[in-house]
Amino acid sequence: MSSKTSPRSTGKSGGKSTGKGTGKGTGRPGRKPVKPIKPALPWGMITLGAIVAIVAASIIGYGVYSVRDAGKPFGERRAQQIDGLKSFRKSNPNDLGRNHVPGKQTYKQSPPVGGNHNLRWQNCEGDVYNAEIPKEQAVHSMEHGAVWVTYNPDLPKDQVDALAKKVRGKDFTLMSPYPGLDKPISLQAWGFQLKLDKASDKRVAKFISGFARAASVEPGAGCAAGETATGTEPAAAPQGQTPPTGG
Amino acid sequence: MAAFVAILVGVLALAVGFGTGVFVAEPRHPRDASAEAGFARDMSNHHGQAVSMAIEEYQATADPALRQIAVDMALTQQGQIGIMQTWLRTWGLEANSGDRPMAWMGTPVAEGELMPGMANEAERTKLRHASGREKDILFCQLMLRHHLGGIHMVDGVLSRTQDEQVRELAQSMKDAQQFEVGALRKRLTALGATP
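Taken in sequence, the protein lines are chains W and E.
Taken in order, the first sequence gives residues 1 to 247; the numbers are from the working numbering.
Taken in order, the second sequence gives residues 1001 to 1195; the numbers are from the working numbering.
Hints are computed from structural coordinates only; laboratory data are not their basis.
Some clues are possibly wrong.
Claimed, not checked - According to the in silico footprint, chain W covers these stretches of chain E (three or more CB under 8 Å from chain W): (1) 1007-1013; (2) 1037-1049; (3) 1052-1058; (4) 1082-1092; (5) 1164-1170.
Said to hold, decoys possible - Dumping the calculated BS3-like pairs for lysine-lysine here, alpha-carbon to alpha-carbon at most 27 Å: (6) 195/W to 90/W; (7) 157/W to 1126/E; (8) 183/W to 165/W; (9) 165/W to 1174/E; (10) 165/W to 90/W; (11) 157/W to 198/W.
Quantities reported herein were computed from a predicted structural model and do not represent experimental measurements.
Just so it is clear, CB atoms sit at the ideal spot from N, CA and C, and this is done for glycine as well.
The whole structure should be built from the sequences, with the hints applied where relevant.
Structural data, given as structure tokens:
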């Protein structure tokens, strides 16, 4: 092994002093100043440590995020974040009464997103209605978790068909024309609304996926055995009974 | 240096211990794309139609045997929907996923199509407008087909899960529905009709 030039002697042959107690005037004859070797960084250990830290942080981070997301109130979870979605549960709790009331109702939102409603719900097992349905019954359907797809009667037939394709066979959805709708399409679930321009909008599927059944404020309630007729008058209260409130 | 190694070993030991504790001691929750989650979602919807047809038949039929079959079906399956929805909540999963129905079985149902055995819109409307013996026959035919489709999905989850509570419910569905298939076939014969 040739060691003609070793770290100890490189560039310092001029007898420069390094550190304390060496060099001129220390009275130690013939001893060359020793320059300490700087040890190389333990890159292997550092890399391994970094990998362990990153993996651990990712697992913990993901776990914390998942738990926190699942714990968020309905409507605020990741699956329900949709561009343009209007949320009324927090801002308009007084518009979201749950009583059973007879007759026509006035709702603040158009189409309504909730509120006091008829004893009867509109059948919402993916029912596609080709005429207007009573709002008061659709609202009850939404209390059970249905997504109510509404469209302006002017909507071109091919778009109506495209919407219908997303509703048919999908439990906890219903669809009907809504005269006077201020946009081509409006999707509703209890306390939520999303108005859109085109049936091809990807948010239609997102809304249905995020809210159908999930938006129910009456767990366990279903969409079967509902009214299947169209019209504007809500069902009359059964004779001889006062409709129960709530439920 | 030695201290760094010691810390690293310590962290690894803690992670291994934590992981073992989580996976062994705590119940492992099925993930969003799992067979268990897919089954809970799809069977809830499948059951929903059975409940719908059964409750309609219960109210309409004059046949005491069919009335009993129908009410049993409606109440039991509605209850089972509740069980499956509670599983999803416990697992921290949403009621729906972005996947097509039955994607978890490798046979995704395309948009516009229905899960196996389900009645389509025309058949539901026909049943709704039917009455008397005609309605009874139609109910038995539709429900028989519905059950067979349901059993197919139950077999799908039984071959894909070790989850005890899922297996228990799925097996009980299969047992009950196989029995009901026999009962429906008998009623059809008695009504002078075929599946």
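Outcome of the hint check:
{"no.": "1", "hint": "1007-1013", "result": "holds (count 3)"}
{"no.": "2", "hint": "1037-1049", "result": "holds (count 4)"}
{"no.": "3", "hint": "1052-1058", "result": "holds (count 3)"}
{"no.": "4", "hint": "1082-1092", "result": "holds (count 3)"}
{"no.": "5", "hint": "1164-1170", "result": "violated (count 0)"}
{"no.": "6", "hint": "195/W to 90/W", "result": "holds (19 Å)"}
{"no.": "7", "hint": "157/W to 1126/E", "result": "holds (25 Å)"}
{"no.": "8", "hint": "183/W to 165/W", "result": "holds (20 Å)"}
{"no.": "9", "hint": "165/W to 1174/E", "result": "violated (31 Å)"}
{"no.": "10", "hint": "165/W to 90/W", "result": "violated (32 Å)"}
{"no.": "11", "hint": "157/W to 198/W", "result": "holds (12 Å)"}
Going down the numbered hints, you'll see the structure goes against 5, 9 and 10, while the others check out.
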